[in-house]
Structure formats: C-alpha cells, structure tokens
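Participant: Sequence:
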Amino acid sequence: MIPAEEESGRHAAFTFCSKKRSVTRLNSSSGLPKAFRRLHPGVFGRQADTMRRLGSVQQKVPCVFLTDVREEASRKRDCQPFQVIATECVNPVALEASVHCALATEKLDGTCCYVTLYKGQPHLWARLDRKPNKQAEKRFKKYQHAHKSSKGFIWNVEEDFKTVPDAWIPAHGVKHHNGHPVPDEHGHIPGWVPVEKDNKQYCWHSSVVEPELGAALVLRPAPDEDDLLELAALPMADLQEQTLELIGTNVNGNPYGLGSKKQPFHCLVPHGSVRVRDPPPVDFRQLTSWFQESPEGRVEGIVWHCNDGMLVKIHRHHLGLRWPDGDTRLGSTPVVVRLDGTPDAFSDSKDLLASLVAVKGRRFRRLQDVHLEP
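Throughout the sequence shown, residue numbering follows this note's numbering, covering 19 to 392 in sequence.
None of these hints come from the bench; they were simulated from the model.
Backbone N, C-alpha and C define an ideal beta-carbon position, used for all residues, glycine too.
Hints should not be assumed to be uniformly reliable.
[Unchecked claim] Computed beta-carbon distance windows for the label pairs:
1) P313 x N270: 20 to 28 Å
2) E114 x N217: 36 to 44 Å
3) Q219 x K137: 18 to 26 Å
4) K160 x H118: 39 to 47 Å
5) L113 x K279: 40 to 48 Å
6) D345 x K280: 15 to 23 Å
7) E155 x Q219: 15 to 23 Å
8) R293 x G338: 19 to 27 Å
9) N196 x Q153: 19 to 27 Å
10) T85 x A164: 19 to 27 Å
11) G338 x K280: 33 to 41 Å
12) K279 x N196: 45 to 53 Å
13) Q281 x H165: 44 to 52 Å
Turn these sequences into a full structure, and let the hints guide you.
Facilitator: Printed below as a string of structure tokens:
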C-alpha cells in the first residue's frame, strides 16, 4: 500500500549536447545514410554545438504562484467544474530556486514527447500517464473532498490503476515504494509509451519521424538570425533524452494555425528552445498586463528554467485570461525550411518530410503560412 505523495517539480539540471557522442551513436546504431550526414553539415556541426538542453519536462510543472481552487467551470478543460487560479503570492519553491534569475521560455500548447532508447535505437515516446480505475478514482475524489487534500490517501498500485502497454515506463523523478511507482498528488503516475507506426492513436506523432533515417522534423529558433524559426530534419540521436512538444493541425485545437484538414502539418519543438524576449518580472500584475498588452505576450504561458533544474510555469488560465486569443506569437513568426540536401528516401515516402522537400529553402512570412500540397 502506497501513500499519496507531493509532486516533484525538480528536473534534470542543465546539460549540453555532445556532438561527438551523438554522431558516433547515430552512425553506429541507426544506419543513417552517409549522404544525409554529408549534405547536412549544420546538423552535425555548428547547430549541434549550440543545441542547449534545458530542464526536461518529465512531471507536472508547478505554478510560479501559489494557487487556489474556484468553484466555476474551467476555461482550460471541458467538463471540469472548478478553476485553478493563481494568487498573488509567489510559490516558495520558485523563490528557493531563484526564479527571478531563471531563463524564461514559451510554454507551448501541444502534447509532450520524449526521445530515448527503444530496442537499442533513439525513439520517440508519447506521454501516457497511468491513471486510477473508476473505483479507485471515486475513493480518491471522496477523500480529497473530505480532507481538502490528497495527503494521507493510501493507494494499492497493483489493483487501483488501469493497465498500460508492456513497454510503458515511468517518467524520471517518479518516486518508488517497494518497487512500485508512486502516484503524484493528482493520483497519476507520469510515464511514456513508445510511438509505433501501426498505432493509430499516435499517428500524428509518427508523422514527424522517419524511422528508416533516424530523423525527426523539428521546429526551433534559427541559430544564425534573430526572430526566425527553422524547420529541419534532425538526427534522433541529437534529440536523445530531450522532451519536446508535438504541435500541429490535430493537436489541442491547433492554436498556432498549422496546416489544414486536407494536408495536416505537425512538428516537434524542443522544450526550452523558444525564449521569451524581455520577460516581465515574476509579479502577478505585471505578468497579467504583459499577456494582455505586449506582442511578446501572445503565448499560452511561460516556463522558467531555474539554474538548479527546477521548472515553474504560469498559464494564461491561471490569470483568468483567454487562450488562444487571436494570432499567436509562435504562429506569426517567420520560418525557413532547411531540408537542403535531403536524401531521396524522403522524396520516395508519403510522409510529411517528403512534402516539405518541395518547399525546401523557402522562407515563409509566418509559421502558419506553411501550407503543403499533398
């Protein structure tokens, strides 16, 4: 029997990618064609050196402010009868992590992914939290209502939780008790499941990877020009142990306006890669004004990456603000498609990467202007 635990907001501290290690791993294990390596020197050179890996989003990230629960319909989740709102008090865990000195990055509105080994190869994993079954969920909610907290609730992980695929793994940082992962304060066990091509549930995840080439379609800031994004096919080995956000046409209502029903468009964005320029101080009123008035504030929220690896966030809904609310900052940013020299394997496939070959080298005024022909 396992007692409910407080969720941990602490994540792996900052590290840097090793270009040499990644190239060796990719060459020896994935069989990426030499043509791809030769024709993409930026991937294995300057760009790989500058790809900084920030805190990995493995568990739920706490709000930068202390929160309260208001008995009204949620603006974020349909059928949720309560709203979690921020108070004006900065969360003590954020203060302890020196949030005022942290790196502010854009909170992205998609679904979380993870790249790690599967069957000996770098592989894309989808987020899958293990959740309680109906009977256990009912007991848990009844306890929460009576005690106004989940502390002290006793779980039986072997009996109380829904089954997950055999390949499922718990997220980093999940505590264990007697060999079993411990649920967080919400009653969930964060985890991951490998994305398989034949699983329709993860078809949009599959659309952004090319397993035969060991490559993935990634959206990131261009390293050589400010206020420019780039779409590039990157080796999966260079993304290993990173978490990324899958965004696009069929994810979370498509707030960034990507693609169309006829030609869906999805891509991966490394967490922490999109910096917030001139972020406001961590102050309730100043943040609220920034979201409402600044062109830079047309984002879902902010995630602060603290020097000790701690992550904290603020979401527009925490402040009672709409999302999305008009054009987004990310969707309005110029983008260049850098797939120059892509091998013929892309052109022969029917995947998204093949469609992008037709517009390689093109520069679009806005990310949401990237529309592809089938």
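Participant: All hints are to be evaluated individually against the structure, with a verdict given for each.
Facilitator: Taking the hints in turn, this is what the structure says about them:
For the pair P313 and N270, the supplied restraint of 20 to 28 Å holds, since their beta-carbon distance comes to about 22 Å. Taking the beta carbon of each, E114 and N217 are about 41 Å apart, inside 36 to 44 Å as hinted. Evaluation of the 18 to 26 Å hint for Q219 and K137 yields a pass: the beta carbon distance comes to about 20 Å. At roughly 40 Å, the beta carbons of K160 and H118 sit within the given window of 39 to 47 Å.
The given range of 40 to 48 Å is respected by L113 and K279, whose C-beta atoms sit roughly 46 Å from each other. Between D345 and K280 the beta carbons are some 22 Å apart, a value that agrees with the proposed interval 15 to 23 Å. At about 21 Å, the beta-carbon gap between E155 and Q219 stays in the expected band of 15 to 23 Å. Roughly 26 Å separates the CB atoms of R293 and G338, a value that falls within the hinted 19 to 27 Å.
Hint check: N196 to Q153, Cβ distance near 22 Å, so the stated range 19 to 27 Å holds. For the pair T85 and A164, the beta carbons lie near 20 Å from each other, so the given range of 19 to 27 Å is met. G338 and K280 have their C-beta atoms about 37 Å apart, which keeps the hinted 33 to 41 Å range intact. For K279 paired with N196, a C-beta distance near 49 Å keeps the hint of 45 to 53 Å intact.
Between Q281 and H165 the CB atoms are about 51 Å apart, so this pair conforms to the stated range of 44 to 52 Å.
Figure legend: structure checked against the earlier numbered hints; every hint is met.
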